[in-house]
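Chemist: Sequence:
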Amino acid sequence: MSAGGDGAEGGRLSRGDDGEGGRLSRGDDGEGGGVATERRRPGRRPGSADTRGEIVTAARKIFSEKGFDKATIRGIAREAGVDPALVHHYFDTKEGIFVAALRLPVNPAEMIPLILQGPREEIGERLVRFLLTMTADPQAREPIIALVRSAMTNEQIVAMIREFLTMAVMNRVAEGLGIPAVRMQVAFAQVFGVVLMRYVLRLEPLASVEIEELVEILAPTIQRYLGDD
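Just so you know, we're using my numbering here: the sequence shown kicks off at 17 and counts up by one.
Just so you know, the hints here were simulated from the structure itself, not pulled from any lab data. If you're wondering where the values come from, they're calculated on a predicted model, not measured in any experiment. Ideal Cβ placement from N, Cα and C applies to all residues, glycine included. Accuracy of the hints is not assured; some may be wrong.
Now the in silico label distances, taken between C-beta atoms and shown as ranges [what the hints assert, rightly or not]:
(1) 149 <-> 192: 17 to 25 angstroms
(2) 178 <-> 240: 20 to 28 angstroms
(3) 217 <-> 150: 18 to 26 angstroms
(4) 223 <-> 100: 19 to 27 angstroms
(5) 156 <-> 183: 15 to 23 angstroms
(6) 146 <-> 221: 21 to 29 angstroms
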């Protein structure tokens, strides 16, 4: 399923462009050449392929069929008809291409260091403020809400999201903090529950209260889960 309203049908993620607006022709990567060479599919016209977009489309298919855990860079590259090094060139990691394929608003590789850096006694406040500020942006929030809605009726999507959140996000934060994974999961569930109540059910006054007021309410509880014992 593509986030941002491109719902899942029949257990497959929808195919489409990469959401970047416009085509990326071969050689337009801004790196001056010298990157991995693309293997052309039979019949592909030289110089006309949206290489990045085709990789994203292939990734949606592979993630839908295999889930996050069993999907591989090599499998995505094979589906797209390109060299695996080209996938690494555009997306760096499997988490990076998952974020692009589902149009998620943030990459864990960028988010997690921001959460872990800084005083341990302020991590609850940092996490709450980060998540609430990010989801306050409708363009950032919509892909997440769309995924949640699709997951309500599609076990494949549930499994895919569960694997991604567990392996790429929550376990890494828990390991970085040296706490049991369940404490990170409970903290995430509490903040995410607030997001759903605020933007899906639109429960008042929660839906209208200022972010800083929510941070003040939530941060001490999240700190208890994530801070030092």
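Chemist: State for each hint whether it applies.
Modeler: Hint check:
no. : hint                            : result
1   : 149 <-> 192: 17 to 25 angstroms : holds (21 angstroms)
2   : 178 <-> 240: 20 to 28 angstroms : holds (25 angstroms)
3   : 217 <-> 150: 18 to 26 angstroms : holds (19 angstroms)
4   : 223 <-> 100: 19 to 27 angstroms : violated (45 angstroms)
5   : 156 <-> 183: 15 to 23 angstroms : holds (22 angstroms)
6   : 146 <-> 221: 21 to 29 angstroms : holds (23 angstroms)
Taken one by one, the earlier hints fail for this structure only at number 4.
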